[in-house]
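Student: Below are the chains, spelled out letter by letter.
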Amino acid sequence: MKKQEPTPKIDFKSEKDMPLAPYSLGLMLHNFTGAWRNIRPEINLKECIQCGICWKFCPDTAIYIENEYPVIDYTYCKGCGLCAEECPTKCITMVEEEK
Amino acid sequence: MKADKEIKKKRMRLSLPPEEYMHSGHLACQGCGATLAMRYALKALGPRTALSIPACCWSVIDGPFPYSSLSIPIFHCAFETAAVSAAGLKAGLEMVGDKETTVVAWAGDGGTFDIGIQALSGVAERNDNIIYVCYDNEAYMNTGIQRSSATPYGAWTTTTPVKHYKNRPKKDIDAIMAAHRIPYLATANISYPEDLYRKVRKAKDIKGTRFIHIYTPCPTGWKTRPEDTIKLGKLAVQTCIFPLYEVEDGSTWKINIKPRDKKPVKDYLRLQGRFRHLNEEAISFIQEEVDKKWARLLKYEEVSPL
Ligand SMILES: Cc1ncc(C[n+]2csc(CCOP(=O)(O)OP(=O)(O)O)c2C)c(N)n1
Ligand code: SF4
Ligand code: SF4
Ligand code: SF4
Ligand SMILES: [Mg+2]
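Going line by line, the protein sequences match chains A and B. At position 78 of the first sequence the residue is numbered 77 (numbering that gives the first Met the number 0), and the sequence of numbers has no breaks. At position 287 of the second sequence the residue is numbered 286 (numbering that gives the first Met the number 0), and the sequence of numbers has no breaks.
Be a bit skeptical, because a hint or two may be false.
Unchecked claim - Within a straight-line C-alpha distance of at most 25 Å, the following computed DMTMM-like cross-link-like pairs (lysine to aspartate or glutamate) qualify: (1) B:Lys42 to A:Glu67; (2) B:Lys230 to A:Glu46; (3) B:Lys265 to B:Asp204; (4) A:Lys8 to B:Glu19; (5) B:Lys230 to B:Glu288; (6) A:Lys1 to B:Glu193; (7) A:Lys2 to A:Glu46; (8) B:Lys42 to A:Glu4; (9) A:Lys1 to B:Glu226; (10) B:Lys230 to A:Glu41; (11) A:Lys2 to B:Glu18; (12) A:Lys2 to B:Glu288; (13) B:Lys9 to B:Glu79; (14) B:Lys170 to B:Glu280; (15) A:Lys1 to B:Glu18; (16) B:Lys170 to B:Glu301; (17) A:Lys89 to B:Glu288; (18) B:Lys230 to A:Asp72; (19) A:Lys2 to B:Glu19; (20) B:Lys222 to A:Asp10.
Please keep in mind that the hints were generated in silico from the structure rather than gathered at the bench.
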């Protein structure tokens, strides 16, 4: 629900740095999936009724809540359009990304 | 400005707990239903959970070593062993005095309906103390959309091309699991997250083998628009193609949603590229089959406990 901070990439200098068993050492938050996006969701907060539906249906956990309103985290949003499609007041619009 | 402040006083309405155990940066396609299933299920399971995941989309979505997009431990197991690996993990934890951790097998439909069915059946027959979740995207997606026994009648996949589309019905895994008389079984759907959450939460507090079958649309494999994922899930329930119900002890059926006006299956099929080739005749055949299955389910509920 809170904004996620990117985590560092893990760099093994030699096999001695590797853990003995292949367990995970960190989250995938270094992977900025926002780069996948062709269209970006933009919220018009004036029309927002704070229902939380966009937050609930985001498959990328890329909507967080700040001051009781949804905020899109463009570092990770893949631009699937689900939030815009499901918003009951249609206050999220998908706009073409500029290349 | 004053109005602004007043608006801010209103609290955001959240129908699910705010804690996240699935984080951004994962590798799923845009609009993937399987990720929503994980996100909601983990909200219900909480941090004292361990997963065993066989080969499937989720073993890729999570990210490569040394990373993970989940903040709980995962054991990546062999394709056919999700259930039995989870049972082994649970037994091991109990041996070292950990009675608290919930162990969950998390597998795709291929890993459940086909290749993992004997391990799952063994676990269910012994009533091993695990939750088994099958996220069902109705084909082998990770390897490029091959048919599974969960693929519905009429669907295109790369191994059931348009001219030879799948001509066998979807296997009724829930009936098979109910026949094992496990303590709890439920179907769920990512478009009904509150219902999904409630079911996983309920399963968590039950002992023995619990089976949750989650409907998860796959835009890549179904040739659907990523923004239609939630719409498809709702239609699957409103058309009775994928009904939501629970079975306790293999004897008490309870249907959770009974649509007042059943929508025609056509509304569901026409949104999906994998059904585009179907003619009217095939569509009415699918409608008949869905009606029959729904009628049977209503009967089960009516006559239960069986
Ligand atoms: C024993 C074995 N056979 C085949 C494979 C190849 N394989 C990996 S994932 C996969 C498909 C999994 O399909 P499903 O369980 O439906 O999960 P999905 O990818 O659809 O999420 C296959 C065939 C394997 N890893 N191991
Ligand atoms: S477009 Fe998709 S990924 Fe981006 S915020 Fe909306 S639901 Fe999340
Ligand atoms: S779905 Fe729309 S109205 Fe609801 S919180 Fe999100 S932006 Fe606001
Ligand atoms: S192929 Fe389907 S199930 Fe797999 S990650 Fe992509 S959308 Fe999700
Ligand atoms: Mg599958």
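Student: Does each hint hold? Answer for all of them.
Tutor: Going through the hints against the structure:
no.: 1; hint: B:Lys42 to A:Glu67; verdict: 20 Å, holds
no.: 2; hint: B:Lys230 to A:Glu46; verdict: 22 Å, holds
no.: 3; hint: B:Lys265 to B:Asp204; verdict: 39 Å, violated
no.: 4; hint: A:Lys8 to B:Glu19; verdict: 21 Å, holds
no.: 5; hint: B:Lys230 to B:Glu288; verdict: 22 Å, holds
no.: 6; hint: A:Lys1 to B:Glu193; verdict: 21 Å, holds
no.: 7; hint: A:Lys2 to A:Glu46; verdict: 22 Å, holds
no.: 8; hint: B:Lys42 to A:Glu4; verdict: 20 Å, holds
no.: 9; hint: A:Lys1 to B:Glu226; verdict: 24 Å, holds
no.: 10; hint: B:Lys230 to A:Glu41; verdict: 21 Å, holds
no.: 11; hint: A:Lys2 to B:Glu18; verdict: 12 Å, holds
no.: 12; hint: A:Lys2 to B:Glu288; verdict: 47 Å, violated
no.: 13; hint: B:Lys9 to B:Glu79; verdict: 50 Å, violated
no.: 14; hint: B:Lys170 to B:Glu280; verdict: 22 Å, holds
no.: 15; hint: A:Lys1 to B:Glu18; verdict: 9 Å, holds
no.: 16; hint: B:Lys170 to B:Glu301; verdict: 23 Å, holds
no.: 17; hint: A:Lys89 to B:Glu288; verdict: 36 Å, violated
no.: 18; hint: B:Lys230 to A:Asp72; verdict: 23 Å, holds
no.: 19; hint: A:Lys2 to B:Glu19; verdict: 11 Å, holds
no.: 20; hint: B:Lys222 to A:Asp10; verdict: 38 Å, violated
In terms of the numbered hints stated before, the structure departs from hints 3, 12, 13, 17, 20, listed from lowest to highest.
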